[in-house]
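S.K.: Here are the chains, one letter per residue:
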Amino acid sequence: MFEYIVSKFNYWAYICLMMIGLYAMIVKGNLVKKLIGMNIFQVSIILFYVSVGAKSGGATVPILTAEDIHHAHAHVLANPLQYMNPLPHVLMLTAIVVGIATTGVALAIIIMIYNRYKTLEEDEILVIRKESGV
Amino acid sequence: MKVFVLIMLLMTGGLLAYGVKDFPGWSNPNAPASTHVSPRYIQAAYTKTHTPNIVTAVLADYRGYDTLGETVVIFTAGMGVILMLRKKRRNKGKDNV
Numbered sequence: 001m002f003e004y005i006v007s008k009f010n011y012w013a014y015i016c017l018m019m020i021g022l023y024a025m026i027v028k029g030n031l032v033k034k035l036i037g038m039n040i041f042q043v044s045i046i047l048f049y050v051s052v053g054a055k056s057g058g059a060t061v062p063i064l065t066a067e068d069i070h071h072a073h074a075h076v077l078a079n080p081l082q083y084m085n086p087l088p089h090v091l092m093l094t095a096i097v098v099g100i101a102t103t104g105v106a107l108a109i110i111i112m113i114y115n116r117y118k119t120l121e122e123d124e125i126l127v128i129r130k131e132s133g134v
Numbered sequence: 135m136k137v138f139v140l141i142m143l144l145m146t147g148g149l150l151a152y153g154v155k156d157f158p159g160w161s162n163p164n165a166p167a168s169t170h171v172s173p174r175y176i177q178a179a180y181t182k183t184h185t186p187n188i189v190t191a192v193l194a195d196y197r198g199y200d201t202l203g204e205t206v207v208i209f210t211a212g213m214g215v216i217l218m219l220r221k222k223r224r225n226k227g228k229d230n231v
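Protein chains in written order, with the numbering used here: chain A, 1 to 134; chain B, 135 to 231.
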């Protein structure tokens, strides 16, 4: 039972993070808090993918050691068990970059909304829009 | 509203936790993600690209076009931010006139 909990604990932690982010995105009225919720959601998925790449049993980061480079010149293949799975790391590098881009654009849009309505609360913005007849 | 959302999130989280039941355990070297394609990359990356860092080899050589598209995403986002924030400044100038 303890073994089972340890082997699944990371997934449960990411599910909790993801639900926290989703809660903030749905319930919070402040636009910056919504954006923070979106970032928490993204980070939970990134952590999930990185944890998929982990390997127990002495695996290191996916950078070839000098010894394995020497072997590769002699056409001796590296042992895959010695290195973590590099593919989730690459994909999450891409995801982090896209996340930064979306966060930047969202913050710029939030600045524009603040300049126009002088508030970031969603309900207050809706009241102002209704009063001004938009 | 809040209670409804909480119930929905608990149900979603419960569904995801139920799906986790079939996942391989953490850092299992025999997990499907680590046994099908990735050994090929670990073994062939150096002889094909002469880059010791496998992540760099995959990012810049195997998926070079994907990374090119990624820079287009960054460029578009940067242009969007610049255009949005510059427009604000120009309007300020016009308001003064």
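Hints should not be assumed to be uniformly reliable.
Interface residues of chain A toward chain B, partial, derived using beta-carbon atoms under 8 Å [said to hold, decoys possible]:
#1 I40
#2 Q42
#3 T94
Now the stretches of chain A that chain B is said to cover, found in silico as 3 or more residues with beta-carbon under 8 Å [claimed, not checked]:
#4 8 to 19
#5 62 to 70
#6 119 to 132
Hints in this document: simulated from the structure, not taken from any laboratory.
Built from N, CA and C at the ideal position, the CB exists for glycine as well.
S.K.: Check, residue by residue, whether the region 62 to 70 of chain A contains three or more positions whose beta-carbon lies closer than 8 Å to a beta-carbon of chain B, and give the verdict.
M.R.: holds (count 5)
S.K.: Does the closest beta carbon of chain B sit nearer than 8 Å to the beta carbon of A:I40?
M.R.: With a minimum Cβ separation of about 13 Å from chain B (threshold 8 Å), the hint on A:I40 is violated.
S.K.: If you take the shortest Cβ to Cβ gap from A:Q42 to chain B, is it below 8 Å?
M.R.: violated (15 Å)
S.K.: Between the region 8 to 19 of chain A and chain B, see if three or more residues pass the 8 Å beta-carbon test, and mark the coverage as holds or violated.
M.R.: With 9 residues in contact (Cβ-Cβ under 8 Å with chain B), the coverage given for the region 8 to 19 of chain A holds.
S.K.: Mind checking, does the region 119 to 132 of chain A have 3 or more residues with a CB under 8 Å from chain B?
M.R.: violated (count 0)
S.K.: Using Cβ atoms only, decide whether A:T94 comes closer than 8 Å to chain B, and label the hint accordingly.
M.R.: Hint on A:T94: holds, closest Cβ of chain B at ~6 Å, below 8 Å.
Checked against the numbered hints given earlier, the structure breaks hints 1, 2, 6 and satisfies all the rest.
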